[in-house]
Amino acid sequence: MEGVKPVPIQDFIEFQQPGIQDGVFKKLRLGKYPLEFTLNLKGKTIAESREAVYNTLLQCHEKGIRALIIQHGTGEKSKPFPGAKRSYVNLWLREMSMVIAFHTAQPMHGGFGATYVLLKKHPQQKLINREKNRKR
1 MEGVKPVPIQ DFIEFQQPGI QDGVFKKLRL GKYPLEFTLN LKGKTIAESR
51 EAVYNTLLQC HEKGIRALII QHGTGEKSKP FPGAKRSYVN LWLREMSMVI
101 AFHTAQPMHG GFGATYVLLK KHPQQKLINR EKNRKR
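Just so we're aligned: 85 in my numbering is position 85 of the sequence shown, and the numbers increase by one with no gaps anywhere.
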């Protein structure tokens with residue numbers, strides 16, 4: 001949990017794996033994907049938040065959930081620096097291979113206090129999609 005770079009409260013956090021189409025990232029950035037799950041980290045410590053993010057993303061990936069939102073709050077008064085939890089979420093999501101993109105949420109979904117996350121398709125879902133497309 002060391003080595004996190006503080007992200008200013010009014011800066012967007014964003015990430016897009018190489019190969020992700022710009023249209024897909026734009027749709028995520030604009031909040032146009034149906035959000036299938038919400039993870040609320042408000043009131044949790046950094047350690048509890050880390051475990052919740054890791055476990056939730058693993059479970060969501062296993063269930064085939066593609067788009068979710070993490071509510072972490074803006075953290076204007078957080079210690080040791082403003083936006084600490086948000087900065088950690090930025091770091092953790094970049095480290096997880098199943099996360100293909102993320103972006104600060106639109107104001108209607110929490111703005112700077114929340115982050116949209118897009119996960120890779122589960123291998124089982126890929127197989128189902130291949131079967132559907134073969135039948136066409």
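Any given hint could be a false lead.
With a Cα cut of at most 16 Å, we get these calculated EDC-like pairs of lysine to aspartate or glutamate [stated by the list, open to error]:
hint : residue 1 : residue 2
1    : K121      : E76
2    : K27       : E48
3    : K5        : E131
4    : K120      : E36
5    : K32       : D22
6    : K26       : E14
7    : K120      : E62
8    : K121      : E14
9    : K27       : D11
10   : K42       : E95
11   : K126      : D22
12   : K63       : E36
13   : K120      : E95
I should point out that these hints are in silico values taken from the structure, not numbers from a laboratory.
Item to check | Hinted pair K42 and E95, Cα distance within 16 Å | outcome: It is violated: about 22 Å lies between the C-alpha atoms, which goes past 16 Å.
Item to check | Hint consistency between K5 and E131 [alpha-carbon to alpha-carbon, up to 16 Å] | outcome: 44 Å, violated
Next on the checklist: For K121 and E76, compute the direct alpha-carbon distance and say whether it is at most 16 Å.
Outcome noted: 35 Å, violated
Item to check | Distance restraint between K121 and E14, which requires alpha-carbon spacing of 16 Å or less | outcome: 20 Å, violated
Next on the checklist: Would the hint linking K120 and E95 be met if the CA-CA limit is 16 Å?
Outcome noted: Status holds; Cα separation ~14 Å.
Checklist entry - Are K32 and D22 close enough, with their CA atoms no more than 16 Å apart? => result 14 Å, holds
Checklist entry - Keeping to a limit of 16 Å between CA atoms, is the pair of K27 and D11 held or broken? => result Given that 16 Å is the threshold and the Cα spacing comes to 19 Å, the pair is violated.
Checklist entry - If you draw a straight line from the CA of K126 to the CA of D22, is it 16 Å or shorter? => result 21 Å, violated
Checklist entry - Is the hinted pair K120 and E36 satisfied, with a Cα-Cα distance of at most 16 Å? => result Roughly 14 Å between the alpha carbons, so the hint for K120 and E36 holds.
Checklist entry - Is it true that the CA of K63 sits at most 16 Å from the CA of E36? => result 11 Å, holds
Checklist entry - Under the criterion that the straight-line Cα-Cα distance not exceed 16 Å, is the pair K120, E62 satisfied? => result With Cα atoms ~10 Å apart, K120 and E62 stay inside 16 Å; holds.
Checklist entry - Taking 16 Å as the top limit, are the C-alpha atoms of K27 and E48 close enough? => result 30 Å, violated
When each numbered hint is compared with the structure, violations occur for hints 1, 2, 3, 8, 9, 10, 11.
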